[in-house]
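**Student:** Given only the sequences and the hints, what does the whole structure look like? Please build it.
So the chains spell out like this:
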Amino acid sequence: MEDKASYWQDNLRLIFICLAIWFVVSFGFGLLLVEPLNEFRLGGYKLGFWFAQQGSIYTFVGLIFWYTKKMNDLDKKYNVEDA
Amino acid sequence: MDELRLYTWIAVGGTFALYFFIAWWARAGSTSDFYAAGGGVTPLQNGMAIGADWMSAASFISMAGLIAFLGYGGSVFLMGWTGGYVLLAMCLAPYMRKHGKFTVPEFIGDRYYSRTARIVAIVCLIIASMTYIIGQMKGVGVAFSRFLEVDYDHGLYIGMGVVFVYSVLGGMKGITYTQIAQYCVLIMAYTIPAIFISLQLTGNPIPQLGLGSTLADGSGVYLLDKLDMVVTDLGFKEYTTGVLGNSVNMFAYTLSLMIGTAGLPHVIMRFFTVPSVKAARSSAGYALVFIALLYTVAPAVGAMARLNLMNTIEPVAGQNLEYAERPQWFKDWEKTGLLKFEDKNGDGKVQYVADADTNEMVKVDRDIMVLANPAIANLPNWVIALVAAGGLAAALSTAAGLLLAISSSISHDLMKGILTPDMSEKNELLTGRIVMTLSILLSGYLGLNPPGFAAGTVALAFGLAASSIFPALMMGIFSKTMNSKAAIWGMCSGIGATLLYVFQHKGIMFVKGTEFLGDMDPNWFMGISPEAFGAVGALINFTVAFVILKLSAPAPQEIQDLVTNFRTPHGEVAAAHDH
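Chains F and U are the protein sequences, given in the same order. Under the numbering used here, think of the first position of the first sequence as 1, with each following residue one higher. Under the numbering used here, think of the first position of the second sequence as 84, with each following residue one higher.
Just so you know, not all the hints are guaranteed correct.
Simulated pairs of lysine-lysine, DSSO-like, Cα-Cα distance not exceeding 30 Å [to be verified]:
no. : chain 1 : residue 1 : chain 2 : residue 2
1   : U       : Lys361    : F       : Lys4
2   : U       : Lys568    : F       : Lys77
3   : F       : Lys4      : U       : Lys418
4   : F       : Lys76     : U       : Lys361
5   : F       : Lys70     : U       : Lys361
6   : F       : Lys4      : F       : Lys76
Hints were generated in silico from the structure; no laboratory data involved.
**Tutor:** Structure below.
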């Protein structure tokens, strides 16, 4: 029981970190901070525009795989893996 | 028969023969096969199927066209329709898979220990899915009529027949394998023309990089800078900075699409078909990889199509296209009425500017951009034929997935779960197929008589899912004490507020003339468009639920134990997965 509670706490912490990044790259860089970021360039892309149309999507993909890997480790650590 | 028509018949006919073969080969034998493919689909396969299921006619045909004309404002679709998978992978899919049921209303019914909650979820699901599917059927009709050169009505009948054969006979197992094939077709159809066009314009074959490169004409100017210059010269909003409405609207729009993605039942259902909790997490990751392949190419397709269109009309500044010398694709699309020219100043040349008084391209339908794009760029005919097959694959795969969600919620949740619990498996399967057939007929009928529907309909469906199902699921998983009364009132007020806002601006049941407040920005709450209101609806849902929870008793202990159970992958599943 104790174990299950701290497994869930660890999971929540991980979700919180991921969703913070999720929010920053899309709503942060892509929408709220787009104007200051557009002062910088990435090749022909304005940086804010790049985050809105490319960067945020790449980050989303990376986040899910990172979370999956971390959770698989957690499952092992707490010995709660499914079949 | 000319070459293009021959290639189109080969591409469309060949891919359809493949889909039918797969549907027959993988036909469903049991309810478990029918709803959840027997639980035996690998994460990679499932990811691909989710990708096809997810990317509808709206993604394939409309989205790049919207981006082409909205520029930066179109980012809401790119972020909104991908960001939801992060929420799915972390906040919903693993726990719902662990709980081990077939449908979303079933999960809500169990978690909130209430038949009423299950019925409310069924109603929300049907409203959101039907709104979505009508747009798809219309897409199927348009695509068939355009490529088989029959009128729209016949195109729609053919489409209904095709959807009937493989979704009604195949069930989830057939649909899953067919969708894998459809994903391959649609992604090739989308990326191959993009690669050609990117090469032509920038010399870089990767469209994502080409969009950030310099033009291949030797000028050394970046493609996006050139595009900004061309459109602002003609009085349009700057491509890379023009916003959609205002920033509050863009924020709400993006959020609404994201949480709507995570609340749409036909997507969530997919995560019941994987063998384990681990696989549910990675399925979401693979799905997003496959979706991102199209979504990161789309901005390049949009920008390059816009630039090509502008260059065709005005190859050199001040030297406009002679109307008499317009290219073949221009004439073809004029016939459909989706592209219209009116020589206002009588000089025989085409002027395309932002000012409505002098603009002579009086109609450039955004939905034609992806389909017309290969022809505008003078690509070979086989590429154009491939795009036809891809558009059909996208529309059909999504329609099939939605039909399955609707039929399972009626036959499994409403009939078997509530009205006639002692129904046999065979009869349940039969009911599922009858409901599917009726849904095809109803959506076909509404597709023939579209009540003022547009591409925005799809966005409305997301708002409805975002304001009802998503909050109920989140609270059910992350709050142990959330009780049935609070969840039911939350769902009702969330979807109620969203429907009210949509109806007051778009007409009751979208019928024109019944809207009691006009469909324009001055009447919008904080400038938020009806398509973006789902985020506000979700906020209302959460608020109402937590206020009622404070005023009533927490969920009983056995429900709290149930939540503890599905939060961990290990251990007993609440009910056997295979009936």
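**Student:** Now tell me, hint by hint, if it's right for this structure.
**Tutor:** Hint by hint, here is what the structure shows:
For the suggested pair U/Lys361 and F/Lys4, the alpha carbons sit about 17 Å apart, so the restraint of at most 30 Å is met. Taking the CA atoms of U/Lys568 and F/Lys77, the gap is about 38 Å. The hint is violated against a cut of 30 Å. Only pairs whose Cα atoms come within 30 Å are accepted, and F/Lys4 paired with U/Lys418 is rejected, the gap being roughly 65 Å. For the hint linking F/Lys76 to U/Lys361, the alpha-carbon distance of about 11 Å falls within 30 Å, and the restraint holds.
Between F/Lys70 and U/Lys361 the CA atoms are separated by roughly 11 Å; this keeps the pair inside 30 Å, and the hint holds. Between the alpha carbons of F/Lys4 and F/Lys76 the distance comes to roughly 13 Å, so the proposed pair stays at or under 30 Å and holds.
In summary, the numbered hints that this structure violates are 2, 3.
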